[in-house]
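Chemist: Listed here are the chains, written in short residue letters.
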Amino acid sequence: MSDTSVIDRAAEILEKQTSRRRFLRDGSVAALAAGLATACKSDTKSASAAQAPQGQTGGTMGAHDTMAGNSAAAIAASADAMDAMHEKGVKAFPAKTTGKGNQLFAPRIDKDVKVFELTAKKIKWETEPGKFVDAWAYNDQVPGPQIRVKEGDRVRVILHNQLPESTALHFHGLELPNDQDGVPFITQPPVKPGQSYTYEFTVPNSGSHMYHSHHNAAKQVGLGLLGAFIVEPKQKSQYDGPDVDEVMILNDGAHGYTLNGKGFPATQPLVAKLGQTVRIRFMNEGMMIHPMHLHGMHMTVVTRDGWPVPAPWKCDTLNIAPGERWDVIVRCNNPGTWAFHCHILPHAESEHGMFGMVTALVVQK
Amino acid sequence: MSDTSVIDRAAEILEKQTSRRRFLRDGSVAALAAGLATACKSDTKSASAAQAPQGQTGGTMGAHDTMAGNSAAAIAASADAMDAMHEKGVKAFPAKTTGKGNQLFAPRIDKDVKVFELTAKKIKWETEPGKFVDAWAYNDQVPGPQIRVKEGDRVRVILHNQLPESTALHFHGLELPNDQDGVPFITQPPVKPGQSYTYEFTVPNSGSHMYHSHHNAAKQVGLGLLGAFIVEPKQKSQYDGPDVDEVMILNDGAHGYTLNGKGFPATQPLVAKLGQTVRIRFMNEGMMIHPMHLHGMHMTVVTRDGWPVPAPWKCDTLNIAPGERWDVIVRCNNPGTWAFHCHILPHAESEHGMFGMVTALVVQK
Amino acid sequence: MSDTSVIDRAAEILEKQTSRRRFLRDGSVAALAAGLATACKSDTKSASAAQAPQGQTGGTMGAHDTMAGNSAAAIAASADAMDAMHEKGVKAFPAKTTGKGNQLFAPRIDKDVKVFELTAKKIKWETEPGKFVDAWAYNDQVPGPQIRVKEGDRVRVILHNQLPESTALHFHGLELPNDQDGVPFITQPPVKPGQSYTYEFTVPNSGSHMYHSHHNAAKQVGLGLLGAFIVEPKQKSQYDGPDVDEVMILNDGAHGYTLNGKGFPATQPLVAKLGQTVRIRFMNEGMMIHPMHLHGMHMTVVTRDGWPVPAPWKCDTLNIAPGERWDVIVRCNNPGTWAFHCHILPHAESEHGMFGMVTALVVQK
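Chains as they are written, first to last, in the working numbering: chain R, 1 to 365; chain G, 1 to 365; chain V, 1 to 365.
With the rest of the complex left out, here is chain R (with noise of 0.2 angstroms):
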């Protein structure tokens, strides 16, 4: 290919996606146009007046316009089908599916030693209704179950290997002896398929920590293979011992936006009393930072990666990257349903209603 043709088939590849991408853009928006043919009329007329609720906590509608004629009947029959879905989607919200990930996980006691046994193998997963992803799971779940143990520990995590493929564990965030680390070929062999390998170590530090492949770990991390390693500290902080304790894994890999491994309207909602303090401890084991953000109260961060946080620091919406723990402490005063979703809005929700990264806190009264 000539130096000139590179050039012109560049700017022809360049002008193809531009013009792709200004009629997607265009598109969506032309196709609602459309639809609504002459409803560019009723532009002109003016909204009813809202009568303000005097001396009262707002919320009351307004009168409905007195559009007439075909085109206001066509946004408003457009507008409750759009409606209906996005309903049927909160309404349908928490979903049942089928397996729940990130269960707790009783350990086998042997002496002192707590034993956390971990079959990977291929299954299907559920993570919304009637969607079914293949998954790489640890005993059947996505995320894995959760170990929760203590700073000073000894734990031995035995990993069987079902896969069609080697791989390894790595407890992300724990400072282990090199030779307990988890990574192929530099702290240890891959686990072949049909194999079993066993970890066993002293728990070194506290907090929110992760186990996960090391081992073609985009793939296999992606397909399901992680959980929660939660220990707990020997000193108490004031942070410890909330009245609830949640871990929020996002992932973003082949299985669509999820929270703990499940999609809206199939994640479960966070539920405390008014008045109770939660504990959230935020995972992400995807590709993408997720900005959750919180409605109605704000979160006081206090660890990061497990690690105390200097000075605890308050917001509303937290930005968490791919590896990162973040704890977060919220003090349930507002009373209410309160949604909780990625702020990046394409990752919540979509024409159809929300989907993928929410799910809400309930304040019970």
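Simulated from the structure, these hints should not be mistaken for lab results.
Errors might be hidden in some of the hints.
Same chains, same names: a pair is fine if it fits in one copy or spans any two.
Unchecked claim - Dumping the calculated EDC-like pairs for lysine to aspartate or glutamate here, alpha-carbon to alpha-carbon at most 20 angstroms:
no. : residue 1 : residue 2
1   : K111      : D140
2   : K273      : E175
3   : K100      : D134
4   : K236      : E246
5   : K314      : D240
6   : K114      : E351
7   : K234      : D179
8   : K111      : E126
9   : K91       : D179
10  : K314      : E232
11  : K150      : E175
12  : K365      : D179
13  : K96       : E175
14  : K122      : E351
15  : K150      : D112
16  : K114      : D83
17  : K314      : E175
18  : K365      : E175
Chains G and V: place on chain R using the hints.
Modeler: Just chains G and V now, kept in the frame of chain R:
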């Protein structure tokens, strides 16, 4: 399709994608190289030795190299052509466009209530000279008009929906009673086309907040249904009452990369006098992070999502994720016109010059 | 094109995109599954019961499973083939390549001025063994040579432009007089091909900074026109004078995912002795965030963009956005070779093994 053909096809697609990326990447270099066909010979030339200006504050241009022949001329012509485009953009700044977003919204006073009426409708919006996009806007502005009230104020916001879709208003960052939270089917019904809806509340917490649609929001916010909601605190801190107080809303949706609804060179500069303090309230209403970089002076971060940080900290590049708000103080002790831009460079500059998320802080002597 | 066809076409494109994504996603799993056609039967096998090593620090490989027949053999062969690729990469680390970036730049002394001459030109750069890319480089290095001076030093930087485009130098993070800021048409004319340009200033602030092109920068910086500009402070803090002081420049442009201009296995390890402290100066010159994760030990964050943080804080995964610089201290109290990589896993590992943004911290006994 047989398993084998699936594999072949997947390999083919992956190969195409890779080749295409490679092609595009190499293409841009090739295009350049081709235009300069014989120019490569000049690689062997040595640049003119620069005469360092003794005892002088730099900035002296060295002598032109003694390049001769077509290749040098071709390079010079190509460089001049590119530079002319870059210069044109800078010289046009701040370029005039129709429409200005984020204008301070003077409320109507109804007894002791500050009343703001927002009409959502479709408009054409000029993001840079001659570039008109389809927008969904509040009161014909993108971002919508700036609401600025005080902590403890009684506020009524009346939303008139003249859009062809239902919508709703969420007050992002305000800790309101649940029924004022603006999430259809969770805290209220959707506001149908032609309808109005009234929110009313006592402003509970201070800081830099936002209002935006929370219905079909990936689309509606992307098209412009957003604005700043600033709450001045009852108790002023040392950072309140700066000489200049600016809002900078970042967006990256259907309208391209914008600051307060405009792309460079139609963005507006921030202007201060030497010695003054500027408070910048960053807000991200887009889908991507934007690390904003200020030249010449650092920023001191004082609040996060409206909450004072435990200890202010300094930076020159502040990463702002979707949904986050950050307030910074700049002490304008360095005179001049300072570039101020997103440091994801493809959000700020192309071969045609600077565009998108670029503005300037002008410190006048 | 009629409105109707626009709608149809948009729907078609969206459908194709979705199908393609689905196809690619399923494809990778399908490809694997197909190669292992009869392997699925082995899902019913039970893995060998691991014999937990009593009183021993883990790491024992369990017995091979008693898989029999073609399927187990096929799985084993496939796993072995993949593992061999992974092993090859690790064993090659640190792989030799031609060219080394970020070399300490010894200035020429002209009276009391430290003079650095930078020549920008096109080169071929080897990012990993055998992979040569087109680069635009300062002094034949990517990143350019490391400038290291002291707060208050008088510095002269002479830029020689041997590129086929105009260029200019911006000192990112230094609070210079406006005419030394390096932004064409705002603070200086562009430096044309064949020209030289001299910057001269007294270094105003300490910390980890950068120099890079600020003209057509998305392309020029992407191709390699960047380097570290380290300023040692007049007043040393407890974090200055570590045993090992390293710069790690992250990039993700035309050269792929790189650390100091090289991709794994050609990246260079950080090496320290047990008990030593390492200071790492992270700098992001790319277009994406990179959350860098260190195994085995935590990092203490001490400065941000060259400014001391109010209170150092700890983490094991540090998210670094474009334009940001973060200095961290690692106390090397855990011997071994520790993986150190971007935790956006597709930036660090593929089915062919680790690549890109991967290196190691080696703590020697």
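Chemist: Work down the list of hints and note, for each, if the structure agrees.
Modeler: The hints, checked one at a time:
1. K111 - D140: neither (27 angstroms within a copy, 62 angstroms between copies)
2. K273 - E175: between (36 angstroms within a copy, 17 angstroms between copies)
3. K100 - D134: Classified as within: same-chain Cα gap 15 angstroms, cross-chain 43 angstroms, threshold 20 angstroms.
4. K236 - E246: within (17 angstroms within a copy, 36 angstroms between copies)
5. K314 - D240: Both: 18 angstroms inside a copy, 19 angstroms across copies.
6. K114 - E351: Result: close neither inside a copy nor across copies, 48 angstroms intra and 34 angstroms inter.
7. K234 - D179: Intra 25 angstroms, inter 42 angstroms, cutoff 20 angstroms: neither.
8. K111 - E126: Classified as neither; 38 angstroms inside a copy, 55 angstroms across copies.
9. K91 - D179: This pair counts as between: shortest inter-copy Cα distance 17 angstroms, intra-copy 50 angstroms.
10. K314 - E232: between (23 angstroms within a copy, 18 angstroms between copies)
11. K150 - E175: within (14 angstroms within a copy, 36 angstroms between copies)
12. K365 - D179: This pair counts as between: shortest inter-copy Cα distance 15 angstroms, intra-copy 51 angstroms.
13. K96 - E175: neither (38 angstroms within a copy, 31 angstroms between copies)
14. K122 - E351: between (33 angstroms within a copy, 17 angstroms between copies)
15. K150 - D112: Within one copy only: 13 angstroms inside a chain, 56 angstroms across chains, cut-off 20 angstroms.
16. K114 - D83: Result: close neither inside a copy nor across copies, 51 angstroms intra and 31 angstroms inter.
17. K314 - E175: between (28 angstroms within a copy, 13 angstroms between copies)
18. K365 - E175: Cα proximity of K365 and E175: across copies only (17 angstroms, versus 42 angstroms in one copy).
The structure fails hints 1, 6, 7, 8, 13 and 16 (numbered hints given earlier, in ascending order).
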